[in-house]
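Chains A and B, in that order, are what the protein sequence lines are.
Residue numbering for the first sequence follows the working numbering, beginning at 810 and increasing consecutively.
Residue numbering for the second sequence follows the working numbering, beginning at 5 and increasing consecutively.
Everything hinted at is true.
The following label-pair restraints were derived from C-beta to C-beta distances:
id: 1; chain 1: B; residue 1: Leu-151; chain 2: A; residue 2: Gln-909; range: 32 to 42 Å
id: 2; chain 1: B; residue 1: Ala-123; chain 2: A; residue 2: Tyr-930; range: 32 to 42 Å
id: 3; chain 1: B; residue 1: Thr-24; chain 2: A; residue 2: Val-928; range: 48 to 58 Å
Residues on chain B that point at chain A, a partial pick, calculated with CB under 10 Å:
id: 4; residue: Ile-33
id: 5; residue: Leu-56
id: 6; residue: Arg-57
id: 7; residue: Leu-62
id: 8; residue: Leu-71
id: 9; residue: Trp-78
id: 10; residue: Phe-158
id: 11; residue: Ala-164
id: 12; residue: Tyr-165
A partial selection of chain B residues facing chain A, derived with a Cβ cut-off under 8 Å:
id: 13; residue: Gln-37
id: 14; residue: Val-53
id: 15; residue: Arg-74
id: 16; residue: Trp-162
Read the hints as simulated data drawn from the structure, not as lab findings.
Computed from a predicted model, the values in this text were never measured in an experiment.
We put the beta carbon where it would ideally sit given N, CA and C, even for glycine.
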Amino acid sequence: MLETFFQWLHDTGLAETVRANPLMFPWVESVHVLAITLVVGSIAAVDLRLLGVASRSQPVTRVIHDILPLTWISFTVAVLTGMTLFTSSAVDYAHNGPMQMKMLLLVIAGINMLVFHLVTYRSVGAWDDAPRAPLPVRVAGATSLLLWIGVVVFGRWIGFVSGV
Amino acid sequence: MMVETLRHFGEWLSGTPLSTTIQNVPWIIPATQSIHILCVAFVMAAVFVVDLRVLGVLARTQSLETLSHRYLPWIWYLLPVLLASGAILIIGEPGRSLLNPVFGAKMLMLVVAALLTLALGRPLRHAADASARPRMYLQAGAMLSLLLWTGIVFAGRWIAYVASF
Numbered sequence: 810m811l812e813t814f815f816q817w818l819h820d821t822g823l824a825e826t827v828r829a830n831p832l833m834f835p836w837v838e839s840v841h842v843l844a845i846t847l848v849v850g851s852i853a854a855v856d857l858r859l860l861g862v863a864s865r866s867q868p869v870t871r872v873i874h875d876i877l878p879l880t881w882i883s884f885t886v887a888v889l890t891g892m893t894l895f896t897s898s899a900v901d902y903a904h905n906g907p908m909q910m911k912m913l914l915l916v917i918a919g920i921n922m923l924v925f926h927l928v929t930y931r932s933v934g935a936w937d938d939a940p941r942a943p944l945p946v947r948v949a950g951a952t953s954l955l956l957w958i959g960v961v962v963f964g965r966w967i968g969f970v971s972g973v
Numbered sequence: 005m006m007v008e009t010l011r012h013f014g015e016w017l018s019g020t021p022l023s024t025t026i027q028n029v030p031w032i033i034p035a036t037q038s039i040h041i042l043c044v045a046f047v048m049a050a051v052f053v054v055d056l057r058v059l060g061v062l063a064r065t066q067s068l069e070t071l072s073h074r075y076l077p078w079i080w081y082l083l084p085v086l087l088a089s090g091a092i093l094i095i096g097e098p099g100r101s102l103l104n105p106v107f108g109a110k111m112l113m114l115v116v117a118a119l120l121t122l123a124l125g126r127p128l129r130h131a132a133d134a135s136a137r138p139r140m141y142l143q144a145g146a147m148l149s150l151l152l153w154t155g156i157v158f159a160g161r162w163i164a165y166v167a168s169f
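Just chain B, same shape as in the assembly:
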């Protein structure tokens, strides 16, 4: 039922003028993918710096508060650009993404990762000084965050290799 609805939507979408333009101008897809990956690069670096600091692996002498203030906002600045460039890719090739189970998994992980980042943002920005060990729940959250964002990147690449329904 859900698959059928998505299939009809995808077929309608691929017939729209916007979609046919994206399909017929060969540079749009690679250019959009490049912008998408560059934004992913900023987000991933920001996530990894903060999470690895929480886990005591990176920048141990720097305060968590400073790192969080410096890097976490990038995620929220770039998420709209990621959603917009992602939308262009979907409109251009609806069948490749909407009906792809890996794409579904990516979107699910993205929602959970975004909610987790939102939930951890406040305690991270008000975390204790550099010498103190972050609390247990922050470390668990950082570990989960690393796994989720890595999964998002992996899923993004695997969309190209897994067949749609």
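Pulled out of the complex, with its shape left as it was, chain A reads as follows:
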């Protein structure tokens, strides 16, 4: 079932276009790397505030509000370019170990963010101005930081494992 899907992706017009134009992959990849640096850097800035390491004099909500649009726009670009790169060799990438790890970490990072937003963040009024937030907040920040570091490490690793 999944194999059929990856094969279908591999046969799409988009994938064929990327394979037929050798310069297209590096250009899309460059935009992907740019977007990833902005996603990870902007999320790390928030995580370090949650951990009480950086921007301690600013309210948490303020730090998030300032930077979040950059995170979401970059994330959208990273997903679109990432999917374009993936389709070009969908079957190979689907079997690439570091790629599978990267996707797993992305899913966990998403869950971590969702739990933080729906549960932990509800009480933000109580710790918004505190240089050092309560433990659950710091745990969420540390978890996010580690997961995104993992995403970058496994992402870089993809190219070292297979010939793609």
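Here the structure of chain A is known, so what remains is to put chain B in place on it, guided by the hints.
Leaving out everything else, chain B in the frame of chain A:
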């Protein structure tokens, strides 16, 4: 002449014990590249937040002074780590970088971007309050800064695709 000198230097470098160690331990290059990219992530986010604020695109209600104080120092903290990890990558694969025209372009853009960031740092940290529009030269500088740092990231990736001399 310059190319020949660099070629000889690269050949000598790739024969040093440090270089052969990096070549023979397979995880060193990917691990170093990962550290390099993570530092690039911090620098890029810092540059983009401040420059986009100058251009009135992001964090418009926040003062430029606060943002500059919060984000610009990251660039200077991390530049030494970037240079050190970059040096490890060069020592491990001198031929891939030293003789690569894209690597040359990256280093040139890096020097200009660093000087520009240095020059804009003071006026940014002493910029007027949130409501005022940043001055024209700051906006031009921010635009140039975004282009340069984006070019640096692009060039970094293209080193892998462009053949050396």
